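Chains as they are written, first to last, in our numbering: chain A, 188 to 514; chain B, 188 to 514.
It is possible that some hints are incorrect.
Quick list of simulated restraints, FRET-style, between CB atoms [to be verified]:
(1) G247/B / T378/A: 51 to 59 Å
(2) T378/A / K329/B: 50 to 58 Å
(3) E508/B / Q340/A: 24 to 32 Å
(4) E507/B / L231/A: 39 to 47 Å
(5) D327/B / N300/A: 45 to 53 Å
(6) D327/B / E424/A: 52 to 60 Å
(7) Q244/B / K248/A: 53 to 61 Å
(8) N300/A / Q381/B: 49 to 57 Å
(9) T378/A / R348/B: 51 to 59 Å
(10) H419/B / A511/A: 33 to 41 Å
FYI, nobody ran anything at the bench for these hints, they're computed from the structure.
From a predicted model like this one, the values you see are computed outputs, not experimental measurements.
Note that CB positions come from ideal geometry on N, CA and C, so glycine has one too.
Protein chains: 2
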Amino acid sequence: MTRIGIIGYGNLGRGVECAVKYADDCELAAVFTRRNPADVKLQLQDVPVLSVDEIEQWEGKIDVMILCGGSATDLPVQTPKFAQMFNVVDSFDTHAKIPEHFKAVDEAAVKGNHVAIISVGWDPGMFSLNRVYANAILPDGKDYTFWGKGVSQGHSDAIRRIKGVKNAKQYTIPSQEALEAVRSGKNPELTTRQKHTRECFVVLEEGADATAVEKEIKEMPNYFADYDTTVHFISEEELKNNHSTMAHGGFVFRSGKTGMNKENSHIIEYSLKLDSNPEFTTSVLVAYARAAHRLAGEGHKGCKTVLDIAPAYLSPKSGEELRATLL
Amino acid sequence: MTRIGIIGYGNLGRGVECAVKYADDCELAAVFTRRNPADVKLQLQDVPVLSVDEIEQWEGKIDVMILCGGSATDLPVQTPKFAQMFNVVDSFDTHAKIPEHFKAVDEAAVKGNHVAIISVGWDPGMFSLNRVYANAILPDGKDYTFWGKGVSQGHSDAIRRIKGVKNAKQYTIPSQEALEAVRSGKNPELTTRQKHTRECFVVLEEGADATAVEKEIKEMPNYFADYDTTVHFISEEELKNNHSTMAHGGFVFRSGKTGMNKENSHIIEYSLKLDSNPEFTTSVLVAYARAAHRLAGEGHKGCKTVLDIAPAYLSPKSGEELRATLL
Numbered sequence: 188m189t190r191i192g193i194i195g196y197g198n199l200g201r202g203v204e205c206a207v208k209y210a211d212d213c214e215l216a217a218v219f220t221r222r223n224p225a226d227v228k229l230q231l232q233d234v235p236v237l238s239v240d241e242i243e244q245w246e247g248k249i250d251v252m253i254l255c256g257g258s259a260t261d262l263p264v265q266t267p268k269f270a271q272m273f274n275v276v277d278s279f280d281t282h283a284k285i286p287e288h289f290k291a292v293d294e295a296a297v298k299g300n301h302v303a304i305i306s307v308g309w310d311p312g313m314f315s316l317n318r319v320y321a322n323a324i325l326p327d328g329k330d331y332t333f334w335g336k337g338v339s340q341g342h343s344d345a346i347r348r349i350k351g352v353k354n355a356k357q358y359t360i361p362s363q364e365a366l367e368a369v370r371s372g373k374n375p376e377l378t379t380r381q382k383h384t385r386e387c388f389v390v391l392e393e394g395a396d397a398t399a400v401e402k403e404i405k406e407m408p409n410y411f412a413d414y415d416t417t418v419h420f421i422s423e424e425e426l427k428n429n430h431s432t433m434a435h436g437g438f439v440f441r442s443g444k445t446g447m448n449k450e451n452s453h454i455i456e457y458s459l460k461l462d463s464n465p466e467f468t469t470s471v472l473v474a475y476a477r478a479a480h481r482l483a484g485e486g487h488k489g490c491k492t493v494l495d496i497a498p499a500y501l502s503p504k505s506g507e508e509l510r511a512t513l514l
Numbered sequence: 188m189t190r191i192g193i194i195g196y197g198n199l200g201r202g203v204e205c206a207v208k209y210a211d212d213c214e215l216a217a218v219f220t221r222r223n224p225a226d227v228k229l230q231l232q233d234v235p236v237l238s239v240d241e242i243e244q245w246e247g248k249i250d251v252m253i254l255c256g257g258s259a260t261d262l263p264v265q266t267p268k269f270a271q272m273f274n275v276v277d278s279f280d281t282h283a284k285i286p287e288h289f290k291a292v293d294e295a296a297v298k299g300n301h302v303a304i305i306s307v308g309w310d311p312g313m314f315s316l317n318r319v320y321a322n323a324i325l326p327d328g329k330d331y332t333f334w335g336k337g338v339s340q341g342h343s344d345a346i347r348r349i350k351g352v353k354n355a356k357q358y359t360i361p362s363q364e365a366l367e368a369v370r371s372g373k374n375p376e377l378t379t380r381q382k383h384t385r386e387c388f389v390v391l392e393e394g395a396d397a398t399a400v401e402k403e404i405k406e407m408p409n410y411f412a413d414y415d416t417t418v419h420f421i422s423e424e425e426l427k428n429n430h431s432t433m434a435h436g437g438f439v440f441r442s443g444k445t446g447m448n449k450e451n452s453h454i455i456e457y458s459l460k461l462d463s464n465p466e467f468t469t470s471v472l473v474a475y476a477r478a479a480h481r482l483a484g485e486g487h488k489g490c491k492t493v494l495d496i497a498p499a500y501l502s503p504k505s506g507e508e509l510r511a512t513l514l
């Protein structure tokens, strides 16, 4: 049995709670929160909710802590801090800052003699795995990653910061034409604009200037200026009723050549179609929590990513069972 | 540098020769054959071809031997034999006999203090990996594997053994309808007949009875009786011109549920579209040869499968580079 703790009870925390329910060899031991524990109502009844300040008392009682905070400000502090006390798994997803995060977590985990697995989820995570496998197999080739259709939290936030905007959701949508060109082996050179479109659903403050808001969205550098962007103005009620989906997904392709004269083409495609982004992410987190527990049991320590962990560690089945049934 | 040896110079041997060409950190050291070495002409000029009887003289001069024989009779003998002398990688693909093969190879490799990686390729191989990852992430779900469109060697051979048949090729074709049902999350229960169809191109001996041959094919137990099978009679020339493709591919799906009440569905799809089955298989073999060399360098020994090896071992890039570029 792997005794799992949750730190932070938002969408990810709730997702871990669900995922543990379906993992027969895992149990949820406790949930830690920065809020008043009395204010946190779990979906499952019989698990204690505690203040994160009491966490040290749980050393030795929890095999793996799953960190469910955000990548912007929570995880850069929490993962190194708690890796000194526990085996930990996080879903740190700021790609550009992974090397820095890895270094801080590795130092802490080595010091604490624990295993830490960072950047677990689907991108980074399962998409990364697929990029690495496919690049190793087809060294002469091209990579393509598409995201969506799904809500981008970062882009929605960027719209919400515009003056006159009350609320907003932004969908990232992969271009079907681009997907088909890649899938058919055409190896297209795709600009940012050709890969994805962006669709925005915006609720205005009373008296706000719709034309000005639309212009500001469409011209926003980095976020929207390089994309074909559509803006719809809707009511708060419509936003709530029709745009609270957590669905997401995406595609990773590698298109490569083999043969003495590069005469043969190959396409490797991996795709996800997810009803719930946080529940899928946390399902991956729980599988890697199992791996962290096992690795720690074998005497490993320090920071790892999904690239450093053999697939068999994620499965509750033994090597013998896996070879007989899934190999 | 990983110095690679090839044992057996057929389609797979030629494929390894190509794959090594694109792997900057690998070099082909020698090719070993059971034929008269003078009769074997390589695609690359500057590599020695030797009799497999001389192989013992190469101990210490080759980092990994890639075994390019067949699963029916070659590999069950060769892999355990050569694992005592070298690190080895094979593509043993008789799923039902993997546990037995693993045991024999493990004993030999441990005795010889070498690393052996068996059942490397795409199924078993990349498809197996995807089944294991997806099962670990979505414990509550269903697996689907489809093969094709591509020539099945086993089914083609079965047709060739029929009296009156001079030559034959058999294509395994996944049903588009079944694929779409799985992809859309319908979780269909599919019979063998609903998943794949079989198309046969047959050259008859002079005077053979076409009707009798067609009946014998369609009623052949295990191979064809459970499928919708189409038989075309063609000339030897037509077979040679239009049906010598080595293209293949396939799809692995897992369709699973999450949520407190299983309210959310997720589809994981992995697919391959390959111009050359042997060249893709050998590209995977060479990536795992790199892993075998590294694992042996770290002091590992014994038999492993793709499930036991972390993705990072397959890549020529360092952990640091991988985290910065592909994670």
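For each hint, the structure was consulted:
no.	hint	verdict
1	G247/B / T378/A: 51 to 59 Å	holds (52 Å)
2	T378/A / K329/B: 50 to 58 Å	violated (39 Å)
3	E508/B / Q340/A: 24 to 32 Å	holds (29 Å)
4	E507/B / L231/A: 39 to 47 Å	holds (40 Å)
5	D327/B / N300/A: 45 to 53 Å	violated (35 Å)
6	D327/B / E424/A: 52 to 60 Å	violated (34 Å)
7	Q244/B / K248/A: 53 to 61 Å	holds (59 Å)
8	N300/A / Q381/B: 49 to 57 Å	holds (53 Å)
9	T378/A / R348/B: 51 to 59 Å	holds (55 Å)
10	H419/B / A511/A: 33 to 41 Å	holds (38 Å)
Hint check: violations occur at hints 2, 5 and 6; the rest are consistent with the structure.
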